[in-house]
Amino acid sequence: MSKMAINHKIIKQALTIRRVEEKFLDLFSQGKLNGTVHTCVGQEFSAMAFAAQLEKRDFIFSNHRCHGHYMAFTDDVRGLLAELLGKASGTSGGIGSSQHLCRSNFYSNGIQGGIVPVAAGYALGNKLNKNGAIGVVFIGDGTLGEGALYETMNIISKWEIPLLIVCENNFYAQSTPQSVNLAGSITARAEAFGIKAYKGDTWNPELLLTQAQEAMDYVRTETKPAFFHCDTYRLNAHSKGDDDRSAEEINEYRAKDFLVKFEQEEPEYFNRFKEKIDEDIDRMLATIFEEGDTKLEDYYTPHTNQKTEHWIALETINKRQVELMNTFFKQQFEQSDKVVFIGEDCLSPYGGAFKVAKDLSFIKPNQLYSTPISEAAIMGISNGLALNGFKPFAEIMFGDFITLAFDQIVNHASKFHHMFNKQVDCPVVVRTPMGGRRGYGPTHSQTLDKFLIGIDHVKTVAINTFFNPAIVFESILQEKQPVIVLENKTDYGKKILTNPSKAFIYNRSNDAYPIVHIKPVVSQPDVTIVAYGGMADFAATMIEDLFKECDIKPELIIPSLISEIPVEFIANQLSQTKKLIVIEEGSSYSSYSSELIAALSEVMDESFKVRRIAGLPVPIPSVKSLEEQVLPSKDRIINEIKSTFN
Amino acid sequence: MAVLQQIAVPLLAVNDTFLTVVEVNFNQKAAVKKGDIVMVFETSKTTYEVIAETDGFIKLMCEAGKDYAVNDIVAEIYSSVDEIVVEEKKVVEVVVSKPATTGVSKAEFNYTGTTLFSLAAQSLLQEKKISPDVFAGYEMVTAKDIQLHLNPNAFDKVVETIATKAPQPQKQNAALPDGTTSIKLSSNKKREIEYLSAVQETGLTSTLAINISTNGLFGSVNKHLKYFKNSLLPLLVYETSRLLVKYPLLNGFFYSNQIYTYNEVNIGFAIDIDKGLKVVKVAKTNELSVAQVEETILELSNQYLEDKIPVESLIGISFTVTDLSGEGVSYFRPLVNMYNSAIMGISAIDEELQRFNTSITFDHRITEGKYVAQFLSELKSRMESYAYNDAEVNNHIKCYKCFKTLQEDLAQVGLLPVITPQGKREHICQTCWNGL
Ligand SMILES: Cc1ncc(C[n+]2csc(CCOP(=O)(O)OP(=O)(O)O)c2C)c(N)n1
Ligand SMILES: [Mg+2]
Chain A
123 MSKMAINHKI IKQALTIRRV EEKFLDLFSQ GKLNGTVHTC VGQEFSAMAF AAQLEKRDFI
183 FSNHRCHGHY MAFTDDVRGL LAELLGKASG TSGGIGSSQH LCRSNFYSNG IQGGIVPVAA
243 GYALGNKLNK NGAIGVVFIG DGTLGEGALY ETMNIISKWE IPLLIVCENN FYAQSTPQSV
303 NLAGSITARA EAFGIKAYKG DTWNPELLLT QAQEAMDYVR TETKPAFFHC DTYRLNAHSK
363 GDDDRSAEEI NEYRAKDFLV KFEQEEPEYF NRFKEKIDED IDRMLATIFE EGDTKLEDYY
423 TPHTNQKTEH WIALETINKR QVELMNTFFK QQFEQSDKVV FIGEDCLSPY GGAFKVAKDL
483 SFIKPNQLYS TPISEAAIMG ISNGLALNGF KPFAEIMFGD FITLAFDQIV NHASKFHHMF
543 NKQVDCPVVV RTPMGGRRGY GPTHSQTLDK FLIGIDHVKT VAINTFFNPA IVFESILQEK
603 QPVIVLENKT DYGKKILTNP SKAFIYNRSN DAYPIVHIKP VVSQPDVTIV AYGGMADFAA
663 TMIEDLFKEC DIKPELIIPS LISEIPVEFI ANQLSQTKKL IVIEEGSSYS SYSSELIAAL
723 SEVMDESFKV RRIAGLPVPI PSVKSLEEQV LPSKDRIINE IKSTFN
Chain B
67 MAVLQQIAVP LLAVNDTFLT VVEVNFNQKA AVKKGDIVMV FETSKTTYEV IAETDGFIKL
127 MCEAGKDYAV NDIVAEIYSS VDEIVVEEKK VVEVVVSKPA TTGVSKAEFN YTGTTLFSLA
187 AQSLLQEKKI SPDVFAGYEM VTAKDIQLHL NPNAFDKVVE TIATKAPQPQ KQNAALPDGT
247 TSIKLSSNKK REIEYLSAVQ ETGLTSTLAI NISTNGLFGS VNKHLKYFKN SLLPLLVYET
307 SRLLVKYPLL NGFFYSNQIY TYNEVNIGFA IDIDKGLKVV KVAKTNELSV AQVEETILEL
367 SNQYLEDKIP VESLIGISFT VTDLSGEGVS YFRPLVNMYN SAIMGISAID EELQRFNTSI
427 TFDHRITEGK YVAQFLSELK SRMESYAYND AEVNNHIKCY KCFKTLQEDL AQVGLLPVIT
487 PQGKREHICQ TCWNGL
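In the order they appear, the protein sequences are chains A and B. Start counting the first sequence at 123; every next residue gets the next number (our numbering). Start counting the second sequence at 67; every next residue gets the next number (our numbering).
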């Protein structure tokens, strides 16, 4: 039985939701709202059944149509009003507005489907914390078309994650009636994954409240997911004026609407409630209108590069890169309950495709999650864990597959901190190996770094074979923002700083993300070479030959943080050599080298000569002879340098 | 005993595996006396005179101006001239004349590993018959390094200016006046002549001078100086280095009908305290603070006294300052060094007039008087800007009797300059003057 059988308090709250949203439409037509609104007029009792009945320790992830869920869960009408009016006192400081609300365990995001794995990760965090909290994620029926939903349903069922998915079925996705887009049954979808499915509707609120409570109780007591199919109908347009539905159809549903019926049956109560609510809204609005917007300096802090000051001599470590990474994770597993490793095939004894996770599941099975083939869910769940105070390290088996996780990186991890007005951090980490030279062919060899270095508020780091990768991972542990770690398949098996040339000095900066500087022992270098990750090892290995063949003394600069350019340091070196080579494994159009050269051009007064040596812009062939030619080969590097500078 | 003395190439510095014979003072088979200077070697740092240990006759196995490996026998002294058999002239493989000077600075490291040669460098070595050993101490050698080594002026930046030319034969003056004693020129002096001739020989130098006030200067400058209180040198070097960036033509040299400018400002200062005149380099002067300039000067002076000036500090000097202020001169005309376009002379402070004279001699082939005049006048105003501001001056000038400072002279009548009974210039206040 519901703790709150239908009563005037509930009706008043539902009516508040409706009046606030009707006010929004009003304000919108007066030109006082920036952007858009999606109202839930007609669907309020879904919010009342789920959001209002949740406990405060629980959480909600909602979608574009989230005002009702927000007000029902938080009672924060004023914050919502201020948010939509773009005021600094709004729920998200006016940054997020209608679709991006955040307060006390309530989050919403305007990306259909993407919130589902995030909610699953958040709920997994609760399960790991054993705090008895559950979560609800709201989706529309149109969102049943999103793949991330099914990846997540599979996983929450398999891992018994306490999450309730509420599908608000209003029979439309924006303009499209369900008959056009949806095949099969809604509840059968959940049942196919072994998830318990419930069904109800908003036209019988009393029953819905009871059913919702029952579903939530199930999730909490069984620590299992559930799915709730809730039929409902929005009485207004999708957002503002965009409605092609027939008036007849809408009127039919209006007649069924509980609040409309209540107005007819109890006009006196209805009007008394309505007047009081309207008065409250207007009173709040009067003060909100007086308020100021969030200031740019409160929202955006200009980036400052890490400052390179001290240099440390590098040392050979007689251990393979992958061993050192594995050791780092083992130590973290032993020390911390918050570090979570999540990726495909990472269960031991297999320990991941490249063995980074070797034996981790033996140490703490609860902190290692070997996933189905579901990159979007891996990343989304990691995001949710990160929001919930964990330090997840997601592993994407091959760099090429990171595109499947891209929405989670760009639209979720990258944006959460700012769009929720800095109330949250998402310190998620995703690692993946890039690169060819293994004959894996077009879809397992590409270097996609160029797509990953320009994501705002995401740090992208490339480890290398010159120092212990644990140095970088230790720094990552301290990060509050998302980090992408690019590894290289051919580097995993290499030891640290093997066979350094005697003619060169090998140093690294003591930055959080060190820069490696390899320079002639005695001479001033003639040319500055910049390379990172796998290409850096390649370049360093051939450095003596490069000198001999090209008749120039090179210095090699190897950044490890590649989402920013160590422009000051490189410019300083370049002002002496006046010659720059950038070697990268991916193709060069719009890549790290493009950004590097642009950044240098901005700060340097002297002119310099530059050559980029990069992978050719075609998929990486599997056949060895061709693969060698498509990727920067030793011969090509030497020839291109010769032809540029001699 | 036939061979009385064997003269081998000495090992004088770790990196100097080859030495240059710069002077041979005797002809083949000539008689030598115990104590004669037989020959002079030049290392990267200094010269070394070989003294005959005995009377005898010399067998030369070397030529002036050429390089010989350490331990090579370059001459022998025999008891009798008949014993000397001169073989066919030994062809010396190594034609280069000094340890390699490439585009590298060896300041930081002492490299003892294998020297790598680029392919281009390897074929150039063969073509020019240069021994790779010349480049010992360098990690990598490019073709450019070898060209630079063969001709330091091959590229726009001169790295080293050690003169290695054989000494010019002095024209014999037929009618020497009577009553003279000849003094043999030391090799240092010969080198100096050669150095200074390079620019002065053209006759196209000119000297400009300016007086710079020292009124109130040291009161403020001494605060920045740790070792050389009341010394002009550190501050002048500091200010000059800044100005040279603006006046690059004074930071260069004339060579083979072309003007070259140095990419760096490396001011050298002349030093001569018993150990011979040397010009030593304050590297990258324009990047140093006054205190750092002062410290460098001190360090170089100490190295000079201990004969430990590193070779790097002797080469690549782009502008020279010579400070004779300690000698009381009121004006002098310094001479421009080889591979320089100008030199600055600092004269002594005139305590009475509270000023000193700074002169610049410059190579007129590179620039003109107006350019140098502007340089000097800018230098003057920069130097004088250090003088105490009024408040400080007022606090500084005081009555020598009652120590009342000008600032404390509330009556605002001022102080009188006086000569004290001890003959010192001081100030006195009205009250003390009036005998209170
Ligand atoms: C990934 C993504 N694709 C498209 C959209 C644009 N969009 C916003 S709402 C919407 C319709 C969603 O329909 P449904 O899930 O049924 O929710 P409803 O609007 O009916 O509540 C669409 C297509 C979006 N926000 N996100
Ligand atoms: Mg819908």
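Honestly, the hints are just simulated from the structure, not real lab data. Small disclaimer: the values here were computed from a predicted structure and weren't measured. Glycine included, each C-beta is placed from N, C-alpha and C at the ideal position. Among the hints, a few may not be true.
To be verified - Computed far set for chain B versus chain A, every beta-carbon distance over 12 Å: (1) ALA96; (2) LYS99; (3) GLY131; (4) SER146; (5) THR178; (6) SER184; (7) LYS195; (8) MET206; (9) LYS210; (10) GLY245; (11) SER248; (12) LEU274; (13) ALA336; (14) LEU354; (15) SER391; (16) GLY480.
Claimed, not checked - Keeping only pairs whose Cα atoms sit at most 27 Å apart, straight-line, the calculated DSS-like set for lysine-lysine is: (17) A:LYS764 - B:LYS341; (18) A:LYS700 - B:LYS470; (19) A:LYS731 - B:LYS350; (20) A:LYS701 - B:LYS210; (21) B:LYS132 - B:LYS195; (22) A:LYS641 - B:LYS210; (23) B:LYS210 - A:LYS764; (24) B:LYS350 - A:LYS429; (25) A:LYS670 - A:LYS477; (26) A:LYS572 - A:LYS701; (27) B:LYS194 - A:LYS670; (28) B:LYS341 - B:LYS374; (29) B:LYS210 - A:LYS700; (30) A:LYS701 - B:LYS292; (31) B:LYS292 - B:LYS374; (32) B:LYS374 - A:LYS731; (33) B:LYS292 - A:LYS624; (34) B:LYS350 - A:LYS670; (35) A:LYS764 - B:LYS194; (36) A:LYS670 - B:LYS490.
Agreement of A:LYS700 and B:LYS470 with the hint, judged by alpha carbon distance not exceeding 27 Å: violated, 61 Å
Holds or violated: A:LYS670 to A:LYS477, with C-alpha atoms at most 27 Å apart: Outside the cut-off at roughly 38 Å; violated.
27 Å Cα cutoff - pair A:LYS641, B:LYS210: Judged against 27 Å, a Cα distance of about 18 Å means the pair holds.
B:GLY131 and chain A, when compared Cβ to Cβ, separated by more than 12 Å: holds, 27 Å
Distal placement of B:GLY480 relative to chain A, Cβ over 12 Å: Answer for B:GLY480: holds, closest chain A Cβ roughly 52 Å.
Hinted pair A:LYS701 and B:LYS292, Cα distance within 27 Å: Violated - the C-alpha atoms of B:LYS292 and A:LYS701 are around 42 Å apart, more than 27 Å.
Agreement of A:LYS764 and B:LYS341 with the hint, judged by alpha carbon distance not exceeding 27 Å: Outside the cut-off at roughly 49 Å; violated.
Given hint B:LYS374 paired with B:LYS341 - CA-CA distance at most 27 Å: holds, 12 Å
Interface-negative label, B:LYS210 against chain A, beta-carbon threshold 12 Å: violated, 7 Å
Satisfaction of hint between A:LYS624 and B:LYS292, Cα-Cα up to 27 Å: violated, 41 Å
Interface exclusion of B:THR178 relative to chain A, criterion Cβ beyond 12 Å: violated, 9 Å
Outside-interface status for B:GLY245 - nearest CB in chain A farther than 12 Å: It holds; B:GLY245 is separated from chain A by about 56 Å at its closest Cβ, greater than 12 Å.
In this structure, the earlier hints numbered 5, 6, 8, 9, 17, 18, 25, 30, 32, 33, 34 and 36 are contradicted, and the remaining ones agree with it.
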